[in-house]
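A.B. asks: Given only the sequences and the hints, what does the whole structure look like? Please build it.
Protein chains in written order, with this note's numbering: chain F, 1 to 264; chain G, 265 to 524.
What the hints contain is simulated information worked out from the structure, not anything from laboratory work. Think of the CB as a built atom: it goes at the ideal place given N, C-alpha and C, for glycine as much as any other residue. Among the clues, some could well be false.
Stated by the list, open to error - Some chain F residues near chain G, calculated using beta-carbon distances under 7 Å:
id	residue
1	Y32
2	V118
3	G238
4	L252
Here is how the chains run, residue by residue.
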Amino acid sequence: MSGVLARARWYWLLPVAAVLWEVATRRAEAVYFPPPTVIVARLHEMWFSGPLAGLFLTEEAVHDLLPSLGRLFAGWALAATAGVVLGLALGRSRTLAALAEPLVHFGRSVPPSALLPVFLLLFKIGTPMQVAAIVYGVVWPVLINAMDGGRTVDRGYLETCQVFRVGAPTRLVRIILPAAAPKIFAGLRLSVSLALIMMVISELYGSTEGIGHRMLEAQSQFDIPAMWAGIVLLGVLGVLLNVAFLGVERRLLSWHRSARHDTA
Amino acid sequence: MTSPALRRGALGAAGVVGFVALLEAAGRLGIIDRDVLPYVSTVLATAAELAADGGFHRHVLATLSACAAGLLIAFAVAVPAGLLLGTVPVVERSVRPLVEFLRPIPSVSLIPLAMFVFVDSADAKTSLIVYTCCWPLLINTLYGLADVDPLAKDTLRGFGFGEPSVALRVSLPSAAPFIATGVRIAVGVTLIVAVSVEIVAPGGGGIGAYLVEAGSANRADRVLAAVVWSGLLGLAASLLFAAGERRLFRWHTARTGEAA
Numbered sequence: 001m002s003g004v005l006a007r008a009r010w011y012w013l014l015p016v017a018a019v020l021w022e023v024a025t026r027r028a029e030a031v032y033f034p035p036p037t038v039i040v041a042r043l044h045e046m047w048f049s050g051p052l053a054g055l056f057l058t059e060e061a062v063h064d065l066l067p068s069l070g071r072l073f074a075g076w077a078l079a080a081t082a083g084v085v086l087g088l089a090l091g092r093s094r095t096l097a098a099l100a101e102p103l104v105h106f107g108r109s110v111p112p113s114a115l116l117p118v119f120l121l122l123f124k125i126g127t128p129m130q131v132a133a134i135v136y137g138v139v140w141p142v143l144i145n146a147m148d149g150g151r152t153v154d155r156g157y158l159e160t161c162q163v164f165r166v167g168a169p170t171r172l173v174r175i176i177l178p179a180a181a182p183k184i185f186a187g188l189r190l191s192v193s194l195a196l197i198m199m200v201i202s203e204l205y206g207s208t209e210g211i212g213h214r215m216l217e218a219q220s221q222f223d224i225p226a227m228w229a230g231i232v233l234l235g236v237l238g239v240l241l242n243v244a245f246l247g248v249e250r251r252l253l254s255w256h257r258s259a260r261h262d263t264a
Numbered sequence: 265m266t267s268p269a270l271r272r273g274a275l276g277a278a279g280v281v282g283f284v285a286l287l288e289a290a291g292r293l294g295i296i297d298r299d300v301l302p303y304v305s306t307v308l309a310t311a312a313e314l315a316a317d318g319g320f321h322r323h324v325l326a327t328l329s330a331c332a333a334g335l336l337i338a339f340a341v342a343v344p345a346g347l348l349l350g351t352v353p354v355v356e357r358s359v360r361p362l363v364e365f366l367r368p369i370p371s372v373s374l375i376p377l378a379m380f381v382f383v384d385s386a387d388a389k390t391s392l393i394v395y396t397c398c399w400p401l402l403i404n405t406l407y408g409l410a411d412v413d414p415l416a417k418d419t420l421r422g423f424g425f426g427e428p429s430v431a432l433r434v435s436l437p438s439a440a441p442f443i444a445t446g447v448r449i450a451v452g453v454t455l456i457v458a459v460s461v462e463i464v465a466p467g468g469g470g471i472g473a474y475l476v477e478a479g480s481a482n483r484a485d486r487v488l489a490a491v492v493w494s495g496l497l498g499l500a501a502s503l504l505f506a507a508g509e510r511r512l513f514r515w516h517t518a519r520t521g522e523a524a
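C.D. replies: Here is the structure:
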């Protein structure tokens, strides 16, 4: 208990900063920087003042947040799958890796936001274009980490497999995938925050719904608190996604940490 | 050059040529609709034309100068801040929660705000680059300072040096490789942020503005050619900084920090 208190003590700056922000913005009456209480009130009114039956979500929330989150998870899942499959294939074959390496380096150097106009030409406005943008933005760290993980499987395990004539599918699932898992998870962790960035930018650029679009609408209607509410919501979303991911990672990789004593 | 390296280079080149040939074949055979995507050869020809196009040069320059300015300002802000946080533990422990709170805010979500606050969209772009680059620089500086050999610090203290000069003579040099890693990560992010701002607010020019313009004129060849250039620029920047880092810090094989 005292440990919790001792740790909580170090959070003193958060409330102080909030109060300072409130006081400063109220005194300065800055148009573009509304006081935090106003932002939170707007956030609540806009998205979370719905009926209990709908988990307090308003109709607007269902209209704005759910499509955004759906695209975020769909894009992330697609990219994660593609990245792991391609990455492991490239990691296990030296020739394939050498063939693809320059292309991979080029591909990941293209700023994903630069491809938004391309995807707009290809898919027109709407969900496929946004999912494509998220997939492209997210796939590289997963692919490169999976490639790295696939390349560095302990040779002893592979030779044991050979001795016991373990088939290729079993070898992939039981040996290679677990061996590469810590690296893959490192890539996936990076990709979570990237997915959020790509979700927002794709909605700012070409969308008719979603959190990003809502923020742009708020901006054009000079509804500054609503715009800030979007920023706060996305920040909270970023924290939540990260925490959730770390929780899942800790659970799935607990064997790894108990096998070696470092925290990977 | 050793022969395995030569082999890898040859295979890599073959991979690129093969990929381009495959795409070209897919276009010519009608697998990729020509009305949607132009032939690769057309795109590459347009890319070559763009290399000699003064208008495109100006856009590229607008993007790169915003990136460079943003990176420099972020460096000037984040490294001293990191030095302060890293050498005064009370400040570090107090500010840490605030940092952890602000860092997850996706920088692109600040674009609508930046468009309001800065009348000139070039300023909005630079300031967002500064905001984004500050985090990896700050985190890596802190990371490096936590890794300083305590014995070296104590030795200097033993000889009567004050805390500021310990920080400057021991902590900063031994944290430098980590800061360099932070710079490399930040470089990768600058281009993404710059282009993101440019496509949402194309008023200030830049590669993103060019992409939007070409896209609305339905010139897919120009869009793709500009994408090719943006990829080459990003690749060149990351190779340049990685090479510089290797050269400067050959004595130190820094663990690669977390990418932002």
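A.B. asks: So, for every hint listed, does it hold in this structure?
C.D. replies: Now for the hints, and whether the structure bears them out:
no.	hint	result
1	Y32	holds, 5 Å
2	V118	holds, 6 Å
3	G238	holds, 3 Å
4	L252	violated, 19 Å
The structure is inconsistent with hint 4 alone, although it conforms to all the rest.
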